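Protein chains in written order, with my numbering: chain A, 134 to 306; chain B, -13 to 159.
In short, the hints are calculated from the structure, not lab data.
This structure is a prediction, so every number in the text was calculated from the model and none was measured.
You may find that some hints are simply not true.
Stated by the list, open to error - FRET-style restraints, in silico, Cβ to Cβ: (1) B:76 - A:140: 38 to 46 Å; (2) A:272 - B:-2: 43 to 51 Å; (3) A:274 - B:100: 24 to 32 Å; (4) B:138 - A:300: 56 to 64 Å; (5) B:133 - A:244: 51 to 59 Å; (6) B:38 - A:210: 40 to 48 Å.
As the list claims (entries may be wrong) - Chain A residues, not near chain B, derived (Cβ > 10 Å throughout): (7) 144; (8) 147; (9) 148; (10) 184; (11) 223; (12) 224; (13) 226; (14) 228; (15) 233; (16) 276; (17) 278; (18) 301.
Stated by the list, open to error - Sample of chain A residues at the chain B side, in silico, Cβ under 8 Å: (19) 145; (20) 169; (21) 170; (22) 173; (23) 182; (24) 229; (25) 234; (26) 236; (27) 283; (28) 284; (29) 288; (30) 299.
For each residue, glycine too, the CB sits at the ideal point set by N, CA and C.
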Amino acid sequence: MPDESKDWGELWRAQGGGPPVELRRMRSRTRSEVLYAIAAALFFAAIIAWRFAGQYGRVPWLGVGAMLVWAVVSLIWFRDRIWRGAPSAAPGVEHYRRELERRRDHLRNSWLWHGPLAAAILTLASIPTVRRLDTAVPMLVLLAGWTIFGTVRRRRQAADLQREIDELAEPRP
Amino acid sequence: VSAKSSDGRYEEAVREFGRALDRLAAGYEADPDKRRDLRQEIHLQLWRSFEVYDGRCSLRTWTFRVAHNTAASYVTRERRANQRFVALEEVERIAADPAGPPDLDRRRALHQLSRLMLTLKPLDRQILILYLEEMDGASIADITGLSAANVAMKIHRIKNILARRFQEVEGHA
């Protein structure tokens, strides 16, 4: 077979270059997910403290304290995903496997960075319902649905990634 | 490696492979704005990487490893929940894209090639890009970390796929 693929190579290499590159830091999606979750939970905690602490005694303060502890734990736990790591010059297959494993673990640990946000909403929902529980039901149902949907979706993504990792381990025939 | 020499290495790498790095970014991101961000990310990581360059592999191998690894990390982060990449084996099995008749117009042919590339799994994409950059099997194996036999098999598949598409292009002309 004549090597017609060389024509594709010429075509590929004839592409123009881009504009000059400015070296600046870019944000990653993983980092954004973690930071947004922390920021959202702290925002809810702040609302709880500001709006209800005076009226309902210790419970809101306990919630706010738990949020702050969780934020610190998350920042430590996810530090390698939040701040940029060293550039990798490992062979491509090794690096890609590590990236897939990291993303899979991130999805599997999503309870850690999403759970406290749910807990904050629950706390917020429960405070005004000391006297009237029925007002919180729609919000709790919405929260439960959102949590289940998110968990199933992330587990499915993690399973897909695991399949891809397994494929890397075995050379395809 | 001193700071000065790491800057020098970076400049040398950009001088020699800058255009190939631009094309590499095009192989991983179709959207022009996002591609510009990816290019910046690649250059930033490359520049940082030379602080720890120890000369154990060639400048070319190092540059392409860092660049492809950065791009693979980007793809892993940015992939949407339902986005599925295919392997070269699958592309070889299925018929040509029925979306429209290919033609000999270079811009359209390049678009067709880019579209094919963007559907591939990052590791297969890496091999296709390196092959189009006229690298031999040994160099590709060195950069990707795959065995020479595995790379040879994948290059054979790439040639089949490209040759088949080339014949289809001629048939439509």
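A quick look at each hint next to the structure:
no. : hint                      : result
1   : B:76 - A:140: 38 to 46 Å  : violated (23 Å)
2   : A:272 - B:-2: 43 to 51 Å  : violated (60 Å)
3   : A:274 - B:100: 24 to 32 Å : violated (46 Å)
4   : B:138 - A:300: 56 to 64 Å : violated (19 Å)
5   : B:133 - A:244: 51 to 59 Å : violated (39 Å)
6   : B:38 - A:210: 40 to 48 Å  : violated (26 Å)
7   : 144                       : violated (6 Å)
8   : 147                       : violated (8 Å)
9   : 148                       : violated (5 Å)
10  : 184                       : holds (35 Å)
11  : 223                       : violated (7 Å)
12  : 224                       : violated (2 Å)
13  : 226                       : violated (4 Å)
14  : 228                       : violated (4 Å)
15  : 233                       : violated (6 Å)
16  : 276                       : holds (21 Å)
17  : 278                       : holds (17 Å)
18  : 301                       : violated (7 Å)
19  : 145                       : holds (4 Å)
20  : 169                       : violated (14 Å)
21  : 170                       : violated (16 Å)
22  : 173                       : violated (20 Å)
23  : 182                       : violated (34 Å)
24  : 229                       : holds (5 Å)
25  : 234                       : violated (10 Å)
26  : 236                       : holds (5 Å)
27  : 283                       : violated (11 Å)
28  : 284                       : violated (13 Å)
29  : 288                       : violated (12 Å)
30  : 299                       : violated (13 Å)
The earlier numbered hints that this structure contradicts are 1, 2, 3, 4, 5, 6, 7, 8, 9, 11, 12, 13, 14, 15, 18, 20, 21, 22, 23, 25, 27, 28, 29 and 30.
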